[in-house]
Amino acid sequence: MRPLGKLTMCVWIATLATSFAAERLYVNDKKVPESREDLIAIQTSLQKHLAEARQATVCIKMGQGSGTGVIVSESGLVLTAAHVISGVQKDMKVIMEDGTEYEAKSLGLNSENDAGMLQIQSDDKFPFVRYEAKNDDSRSATRVGDWVFALGHSGGFDKERGSVVRLGRLIKVAETTVHSDCVLIGGDSGGPLFDMNGELVGIHSRVGRRLAQNMHVPLQVFHTHWDMLEKGEFIGDGPFANKPKPGTGFMGVAVKDVDGALEVTQVEPGYPAEDAGIEVGDVLTSLNKQPLKSKDDLRDRMKKLADGDRVLLEFSRDGKVNSVEVDLAKR
Amino acid sequence: MLIWAQPSLPSDERTNGKEVRAAFSEQRAAIQKCSAVIYDGWRNFSYGIVVSKDGYILVKASELEGREDLAVRVGETKYSEVKVIESDPRWDLALLKVDASDLTPVVWAESSDLTQGSWVVANGASSRSLRRVNVGVISAESREVKGRAPAVIGVVFKPKKESLEIHVVSPDTGAEKAGLKAGDIIKKFGGDEVTSRESLIERIRDFMAGEKVAVEFERDGKLLQADVELMPRDKAYKERKSRNDEMSGDYSKRRDSFPRVLQTDIPFSARTIGGPLLNLDCECIGMNIARANRAESFAIPVENLKKVLVELMKSVD
Chain G
1 MRPLGKLTMC VWIATLATSF AAERLYVNDK KVPESREDLI AIQTSLQKHL
51 AEARQATVCI KMGQGSGTGV IVSESGLVLT AAHVISGVQK DMKVIMEDGT
101 EYEAKSLGLN SENDAGMLQI QSDDKFPFVR YEAKNDDSRS ATRVGDWVFA
151 LGHSGGFDKE RGSVVRLGRL IKVAETTVHS DCVLIGGDSG GPLFDMNGEL
201 VGIHSRVGRR LAQNMHVPLQ VFHTHWDMLE KGEFIGDGPF ANKPKPGTGF
251 MGVAVKDVDG ALEVTQVEPG YPAEDAGIEV GDVLTSLNKQ PLKSKDDLRD
301 RMKKLADGDR VLLEFSRDGK VNSVEVDLAK R
Chain S
1 MLIWAQPSLP SDERTNGKEV RAAFSEQRAA IQKCSAVIYD GWRNFSYGIV
51 VSKDGYILVK ASELEGREDL AVRVGETKYS EVKVIESDPR WDLALLKVDA
101 SDLTPVVWAE SSDLTQGSWV VANGASSRSL RRVNVGVISA ESREVKGRAP
151 AVIGVVFKPK KESLEIHVVS PDTGAEKAGL KAGDIIKKFG GDEVTSRESL
201 IERIRDFMAG EKVAVEFERD GKLLQADVEL MPRDKAYKER KSRNDEMSGD
251 YSKRRDSFPR VLQTDIPFSA RTIGGPLLNL DCECIGMNIA RANRAESFAI
301 PVENLKKVLV ELMKSVD
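One line per chain: the protein sequences are G and S, in this order. Heads up: the first sequence runs through residues 1 to 331, numbered per the numbering used here. Heads up: the second sequence runs through residues 1 to 317, numbered per the numbering used here.
Among the hints, erroneous ones may be present.
Claimed, not checked - DSS-like cross-link-like pairs, simulated, lysine-lysine; straight-line CA separation at most 30 Å:
| id | chain 1 | residue 1 | chain 2 | residue 2 |
| --- | --- | --- | --- | --- |
| 1 | G | LYS231 | G | LYS90 |
| 2 | S | LYS253 | G | LYS172 |
| 3 | S | LYS307 | G | LYS48 |
| 4 | G | LYS90 | G | LYS245 |
| 5 | S | LYS18 | G | LYS31 |
| 6 | G | LYS61 | G | LYS243 |
| 7 | G | LYS330 | S | LYS18 |
| 8 | S | LYS306 | G | LYS159 |
| 9 | S | LYS307 | G | LYS159 |
| 10 | S | LYS146 | G | LYS159 |
| 11 | G | LYS293 | G | LYS245 |
| 12 | S | LYS146 | G | LYS93 |
| 13 | G | LYS330 | G | LYS303 |
| 14 | G | LYS105 | G | LYS93 |
| 15 | S | LYS306 | G | LYS61 |
| 16 | S | LYS253 | G | LYS159 |
| 17 | G | LYS61 | G | LYS31 |
| 18 | S | LYS18 | G | LYS61 |
| 19 | G | LYS293 | G | LYS303 |
| 20 | S | LYS158 | G | LYS30 |
| 21 | G | LYS243 | G | LYS304 |
As the list claims (entries may be wrong) - Quick list of simulated restraints, FRET-style, between CB atoms:
| id | chain 1 | residue 1 | chain 2 | residue 2 | range |
| --- | --- | --- | --- | --- | --- |
| 22 | G | GLU74 | S | VAL156 | 45 to 55 Å |
| 23 | S | ASP192 | G | GLY99 | 21 to 31 Å |
| 24 | S | ARG243 | G | ARG299 | 34 to 44 Å |
| 25 | G | ALA51 | S | LEU223 | 40 to 50 Å |
| 26 | S | GLU26 | G | GLY232 | 46 to 56 Å |
| 27 | S | SER129 | G | THR100 | 52 to 62 Å |
In short, the hints are calculated from the structure, not lab data. Each residue gets a CB set at the ideal place from its N, CA and C atoms; glycine is no exception.
Using the sequences plus the hints, can you model the full thing?
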């Protein structure tokens, strides 16, 4: 009796284990679907994972433009495209499917392969998707011909429409790019590409001239530099993002030396200092918590700062000390 | 540089490649019978839905504009005598009649309510004898699609000002013809108070290009009124195409202002719109009404199609 019971128990556990290891959709191993049954199998797989995938697919708002990203952890880590976040440590917003907005901060990016990461700034628990595990040889587990589906906030966030799904097949699988015939458009960038087990295999990057040329960043590219991306590093020299160049950041003020500090003599309209509320007569006392001693001191320090950098400016006005954040801009 | 790559997928095996489409032979056979090809002379510019045995065809109305030599093909037969019975501009639908007797009308589905991700089938390319199909899935939630760009009066407001103070009156617009000038502050539009650009745009949406609307404005402390004719946005301003429009190749001229649409990811062109949208059971869940852009296409749901058809048929004596 006992040995038999043990055997039954082993069989039961084995069955359970198989159901957790996602099986490859059988139609993926056919050259093309051949029957209504095959078509229904594809449709069923897609529909099984769609709701969960949609919940984790966020719209990313950066200034006037928007892109898409996908949440991959309960704490709100988002994978997206480098050209969507376009810089590291930048503030942006994400919009969930139900319209809820959250503050977010970009982490690192790979400007050569278009991988990017973002962190939602909140203690809330977020819906998230599973992603393709790191493979030792950096090769994607996907194969040319695999059925895949893409989600994205095409053309921008539209609550009534929801994110848009496209069904297609992988046309090309290479080390740093995969192509599919899921048709992408502006706004989809940074959005998720899933296999038929609902596992994230790619992030949308760009479109080619023909409808069937749609390029995605393979998950393995994220794995190659995962820690650096999470730490907020800028990897590579483009073309998907431009490394901030020192000396390109301007506040838009003219100052004069006055008693070991700097008095503002002019505020240029349309520049960050004006936007931050700086006025003529304000006395600038420190930049990024370090005291400002002279005009030359300020000039030397600005030489190291770039367009897009955020600085903390301390100043006194009418005897009161204030501090304000200023986002530097291009001249 | 590519260090390794698997061989690319041959085009016949892609989602809308010949070999994948072969799996939809049943649906193709239905489309062969219940869709019509619409010609201007020898050039086919749109599709239609066969709705009766004796030759009533439902088509996209705005595509008929400027067509001089209408003809219709159903199956292999071409009909050169085509009557335009009536049209519904709200839904952009029109009813045609050809002299036929044994056509196979479309089988209407009970409901257009297909779950997102469900396969759908529509017209693809056509030859003289064959209707081919294009396939895809229901791609997004069904909804109303408002007009993108409302009609305009033809002014540019002073930037950075909350009030509707006119900065520039564009030439050859309703605003210019009505005598509006830079510095005028618009107070009321169509009888309603307007205080911001958003409120003005909301009000303008209730009117169409060509309509004259009473505009109340302030000039030098006086309250004046003028009737301003609205124009289509692209006539008033030579606007450049948006980046997404540039990416989209050709799209339908009328691609918005629909009270309700289904959305699919079928790769239509402006010329393959107008035919029936079938589910896998070969039933018609809608009419493909617009190629909106590279990634989005719209269809009018069967429930609305049938209602409009009933109204259009009332024009038949």
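Holds or violated: are the alpha carbons of G:LYS231 and G:LYS90 at most 30 Å from each other? Distance of about 13 Å is within 30 Å: holds.
Assess, step by step, whether the Cα of G:LYS105 is no farther than 30 Å from the Cα of G:LYS93, and give holds or violated. 8 Å, holds
Given the hint that G:LYS61 pairs with G:LYS31, does the C-alpha gap stay at or below 30 Å? Outside the cut-off at roughly 40 Å; violated.
If you draw a straight line from the CA of S:LYS18 to the CA of G:LYS61, is it 30 Å or shorter? 40 Å, violated
If you check the beta carbons of S:GLU26 and G:GLY232, does the distance land in 46 to 56 Å? 54 Å, holds
Check whether the Cα positions of S:LYS306 and G:LYS61 lie no farther apart than 30 Å. 41 Å, violated
Tell me if the straight-line CA distance from G:LYS243 to G:LYS304 falls inside 30 Å. The hint holds at about 13 Å.
Does the structure keep S:LYS306 and G:LYS159 at a Cα separation of 30 Å or less? 28 Å, holds
Mind checking the alpha carbons of S:LYS253 and G:LYS172 for me, to see if they're no more than 30 Å apart? Not OK: S:LYS253 and G:LYS172 at ~34 Å, beyond 30 Å, violated.
Hey, G:LYS330 versus G:LYS303, does the alpha-carbon distance stay inside 30 Å? Answer holds: G:LYS330 to G:LYS303 is near 13 Å, not above 30 Å.
Are the Cα positions of G:LYS90 and G:LYS245 separated by 30 Å at most? 15 Å, holds
Regarding G:GLU74 and S:VAL156, is the given constraint of 45 to 55 Å on their beta-carbon distance met? 48 Å, holds
Hints 2, 3, 7, 15, 17, 18, 20, 25 from the earlier list are contradicted by this structure; the remaining hints agree with it.
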